[in-house]
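Build the full structure now, drawing on both the sequences and the hints.
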Amino acid sequence: MPTPPLPPRRGAKAASAPRPTAAGGRNSLARLGPLPWIGPSIVLILLVVVWPVAEMVITSTHRINGLGIDFGFNGVGRYTKLFDDPRLGSVMLWTVLWTVLVVGFTMVISLALAQLYNQNFPGRRVTRWALIIPWAASVIVTSIGFRWMLDEVAGMLNRLMLDLGLIPSAQNWTGDAAHAKPWLVFVAVFVSLPFTTYTLLAGLQSVPAEVYEAARVDGASTWQTYFRITLPLLRPSFLVALVINLINVFNSFPVIWGMTQGGPNTDTSTSTVFMYILGQTDVGESAAMSVVNFAVVIVMVLLFLRVSRWNEES
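The opening residue of the sequence shown carries number 1270 in the numbering used here; numbering runs sequentially from there.
Think of the hints as simulated: they come from the structure by calculation, not from any bench. Be aware that a few hints might be false.
[Said to hold, decoys possible] Here are the computed distance ranges between Cβ atoms for each label pair:
| # | residue 1 | residue 2 | range |
| --- | --- | --- | --- |
| 1 | V1395 | I1516 | 27 to 33 angstroms |
| 2 | V1395 | L1366 | 34 to 40 angstroms |
| 3 | W1417 | P1505 | 36 to 42 angstroms |
[Stated by the list, open to error] Derived pair list, reagent style EDC-like, types lysine to aspartate or glutamate, alpha-carbon separation capped at 16 angstroms:
| # | residue 1 | residue 2 |
| --- | --- | --- |
| 4 | K1450 | D1420 |
| 5 | K1450 | D1536 |
| 6 | K1350 | D1551 |
Cβ coordinates follow ideal geometry from the N, Cα and C atoms, glycine included.
Right, here's the structure in full:
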């Protein structure tokens, strides 16, 4: 006859009894999903992106003078004043032209440099280090250095060209828009090359060597390999560099301000520099210009991503 089981001792706990508090805590944490991990990033975005944009929009609806005195809500009055400004059209036209020229030259030259630095040649490491210098230096310092180099009286360029007999007299290279704009584009490309070149170089170095070996075995020529293998595989890096350059160049301030301060008048001002100039007399109108800039950048990037089909495989 089997022995009946002994009753549990008084005060003893069952070994398999769950802990309701711990289980409830785990279930609560599971219901939150990834929120505890992405929560700090969301808070950071709210503080550094959403809040400043909201403040910018609110400021654009107020009439605030250059001294910061708020005369109260003005509705769309600052936008009306902005769009009635006769300078706005030429400023936006130059901003578009500036962005296209700088980004276009930067991408083409950087692609060539990345292709060069991806090859083995004597002194490659030194030239790679040298390319970092424009990136390591402050953009405003680089711009001021070029401004002094182009100075009509003490500039090195005038002195050199006069000694070589290339010009009859010293030129004021930044004194008028016709001479200043090409130099502004040159300096902007100069400071944009390092980041773009290294981004594309990283993309080139990520292409497996076996792919090129297979192309050689199949009898593909150098140009066929480049256009059918290298460029398609480089597409993700190219798109990243292109989008970042579009945003940076469109919003560029130090190059133009350091060399011409947007002058003469506002002939070399892009929308960002024009916004700063407006802020010296009318903060509300300057904020309205900021809202327009922000909207243009968002639309520009979205259109570009739509056209480039960035999320589709090559």
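Next on the checklist: When the structure is checked against the list of hints, which entries are broken? Sort them ascending.
Outcome noted: none
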